[in-house]
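Undergrad: For reference, the chains in residue letters:
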Amino acid sequence: MRDRENTVRLEARSSISTIAPLIAGLTAIFFTLAVCGLLVLWAKADVASAYVAIYEGALGSRFAITETFTRATPLMLTGLAAAVAFRARLYNIGAEGQLYMGAIAAVAASVVMTNDAGELALPTSLAFLLMIAAGALAGAALLIVPTLLKTKFKVDEVVTTLLLNFIALLFVSLLLDGPLKDPSAMGWPQSPTLLSDLEFSKLVERGRVHTGLLFAIGLALVLSFVIRYTSFGLAMRAVGANDRAAAFAGIGVNATLIKVAFISGALAGLAGVGEVAGRAGYVTLDMSPGYGYSGIVIAMLAGLSPIGVILAALFVGGTIVGADAMSRSVNVPTYIADVIVATALIAVLVASLLTRYRIVWRAKTAAKR
Amino acid sequence: MNELLSLLVDSSFWVAVLRIATPLIFGTLGVLLCERAGVLNLGIEGIMVAGAFIGWLTVHSGAGLWGGVLAAAFVGGLLGALHALLVVRLPLSQHVAGLGITLFATSLSYFAYRVLFPKVDSPPKIEAFSEMSWLPIPVLAEQTPLTLLAVLLVPAIWYVLYRTPLGLALRAVGESPHAVEAQGIDVVRLRSGPVIAGSALMGVAGSFLTLAAFNSFFFNMVNGRGWICVALVVFASWRPGKALIGALLFAFFDAAQLRLQQAGGGLLPYQLYLMLPYVLSIVALVLVARKAAYPQALMKPYVKGTR
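So the protein sequences, as listed, match chains Z and X.
Counting in our numbering, the first sequence runs from 1 upward without gaps.
Counting in our numbering, the second sequence runs from 370 upward without gaps.
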C-alpha cells in the first residue's frame, strides 16, 4: 500500500464559543430544508407552498396543534427510552417491540380485570395503576432479556434487540389471532377494545390529545433530575462514558445496566399503553408507524437530553402530521416526512460535531507531525 | 419428524434454501467487509431497500438486468461513502449514523417510488433473471446467475482478506488502527474502501429481491433481512466461509418453517413457525458469544493523533 499524507484532519477545539451551537443548528435546518426542497421540486410542486402547507398542517390551527401533540406523545416516550439507554451505552434498538408488548399487556390487563357483566372487577384507580404497571413491565421484560444476555454471555444487544422486534410483533399477532382476538372484528387482526373506565382522559375538547402527554413530559422532567442529581444518574453516565473506569470506581456495571434496561423498556412499554389507552382503544398490527425507531432519531436530535427529547419529539411529530396534511393538498408523497427527519438527523449530528472539532486543511507537502 | 426427513431428500426444498440464502450471502459478506475494517454498518436495511428499488427502476426504464445490478451496487456504494464520511472521516457514532442512513435510504426510495408511480394499483413488473438451466449442477441449475455470483464471492473475498497485502491491512485496521497508522498507511482511506465495497454488496443483496426473487418492487419487501445479516456476521465469527454456512443455515430454517407450516395443517399458530428463524438466530448468537472474536476496534471511531 503506497500512501500520501492526509490533507484533511480533525482537531479538537480548545474552547467552544457560545453562539457556535446556534449557528450549527441553523445551518443544519437550512441544509435540511434545501435538500428536501429539491425533492419537492422533483415532485413538481412549489417549494414554498409545500413548506407552508407542512407548517399549516402541523401548527396552523387549533386542530393541527392538538394533532401534533397527540403524535408527539408516544415519540416522547420512545425518545426517552432511547436517551436513557444510550446514555449508559446500552444500545436498545428494540423500542418498537417493547411498545407493542406494552400495548398488548394493557389490553390483556383490561380483559383480565373485566368481570362477567363487562365491568371492571376492581376499583377504577387500582385497575388503572395495574394496567399501567402491566404495560411498563411487559416493555421492560422484553429489554431485560437481551440485557441479561449481554451481561451474562456478552451477546451484543444491538442485534438481539433488533431481532426481538420481529419476535414481539409475531407474538402480538399470535395473541390477536387467539386469546386476545376481538370476536366482532370480522377476521381483521384486532384486540378487544379497552374498557372505557381505563381510557386516558382527553386534554381538550374536539381533539385527540390526551393526558398521556402530561405524563410523558412529567417523566422527562423526572429523568432529567435523576440523570443529573442522583447517584444512580451518575452511575449511569459513568457506565456510558467508560465502563471499565466505572467498575474500577466501584460502580456495579451490570446492575446499572439492568436498571437502565428496566427504565428504558418500561418507557417504551408506556408508549404502547398510551397509544391504546389514550388514542386507539385497541391493538392492531399497524398501530405504530415505527415510533420505536423514530425514538432513537429523537434521542439523538436531542443530544440524549430528556428535556431536549420533548422538543425533538414535537419537531418529528409536527413534521409527520404536517407532511400528511401537505401530501393531501400539494400532492407531494407523505414519505417526505421521514426524508426530512433523516436528513435533519444527519445534518444535526455533523453540525454539532463541527462545534467540537475543527477541520484543518493541510498542504500535501507539509508532512511533518 | 417424517415430514422433516422427506424434506431433506426433496430437491425443490434445497432450491428454496439456496434462493432464500442468496440475498443473505451478499448482505452478510457486505457487513463482514465493513466490520473487518472496524465499522458497524446498520445502514444495511436501508441500503437493501435502495438497492432493490434502484435495481428494479433501472431495468424498468429499459436497461438490462445486469445494468440493474450495477446500478444497485453503485447506489449502495454511494450510501456506503456517506456512512464512511460520517463515521470514518468524522468520528460520529456508528450505531446512530447507520440507523440514520437506513431511515434516509428507505424513506427516499419510497418517496421516489411514489413520485415516479403516483397512482398504480399493482406494482409494474419487469422480466426477472431466469434460471441457469444450462448448468449441469442439480440444485444450482434452478437458480439465477446472481446466486452463482453470491457463492463465488465467498472464496473471492476470502482470498482478498487472507492472501493479499490489502486484506492483511484491512484486517489490521479493524483490530488496531493506531498500529496501521504507525505503518504510514492512511486509516481513513483504508477503512472507507471496505465500507463502500461492503455497502455495494448490500445494494446487490437488495437488487436480488426485485430482479430475481420477485419481479417488482414492494414496500417492506426487505423486512428485516438486513438485520439478519448483522446477526449472521457475529455467528460467522467474521469469516467468509462461515458466513456462507450461516446464511445457508438461516435459509434452511426459514424454508423448513414454511414447509412445516403447510404440513402442520394449523396444528400450531403460524406465527410460531415465523418466529423460529429469529429465535434460532438469537440462540446461535448466545452459543457463539463466549468465543466471539470481535474485531478489536469495531465501533471505535479513529481520530488521528489521539488515543
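Hints were generated in silico from the structure; no laboratory data involved.
Among these hints, one or two may not hold up.
As the list claims (entries may be wrong) - Simulated pairs of lysine to any residue, SDA-like, Cα-Cα distance not exceeding 20 Å:
| # | chain 1 | residue 1 | chain 2 | residue 2 |
| --- | --- | --- | --- | --- |
| 1 | Z | Lys152 | X | Gly536 |
| 2 | X | Lys669 | Z | Leu41 |
| 3 | X | Lys673 | Z | Ser14 |
| 4 | X | Lys669 | Z | Asn242 |
| 5 | Z | Lys154 | X | Lys673 |
| 6 | X | Lys669 | X | Lys488 |
| 7 | X | Lys673 | Z | Ile359 |
| 8 | X | Lys488 | Z | Leu41 |
| 9 | X | Lys673 | Z | Thr355 |
| 10 | Z | Lys181 | Z | Thr193 |
| 11 | X | Lys611 | X | Gly536 |
| 12 | Z | Lys152 | X | Thr513 |
| 13 | Z | Lys154 | X | Leu656 |
Small disclaimer: the values here were computed from a predicted structure and weren't measured.
Undergrad: Compare the structure with each hint and give your call.
TA: Hint-by-hint comparison with the structure:
1. Lys152(Z) - Gly536(X): violated, 34 Å
2. Lys669(X) - Leu41(Z): Since the Cα atoms of Lys669(X) and Leu41(Z) sit roughly 39 Å apart, the hinted pair is violated (cutoff 20 Å).
3. Lys673(X) - Ser14(Z): holds, 16 Å
4. Lys669(X) - Asn242(Z): holds, 13 Å
5. Lys154(Z) - Lys673(X): Violated, because 29 Å separates the two Cα atoms, which is more than 20 Å.
6. Lys669(X) - Lys488(X): violated, 46 Å
7. Lys673(X) - Ile359(Z): Given that 20 Å is the threshold and the Cα spacing comes to 12 Å, the pair holds.
8. Lys488(X) - Leu41(Z): holds, 19 Å
9. Lys673(X) - Thr355(Z): Holds - the C-alpha atoms of Thr355(Z) and Lys673(X) are around 18 Å apart, at most 20 Å.
10. Lys181(Z) - Thr193(Z): Holds, at about 10 Å.
11. Lys611(X) - Gly536(X): holds, 17 Å
12. Lys152(Z) - Thr513(X): Given pair Lys152(Z), Thr513(X) is violated - Cα atoms ~43 Å apart, limit 20 Å.
13. Lys154(Z) - Leu656(X): Judged against 20 Å, a Cα distance of about 10 Å means the pair holds.
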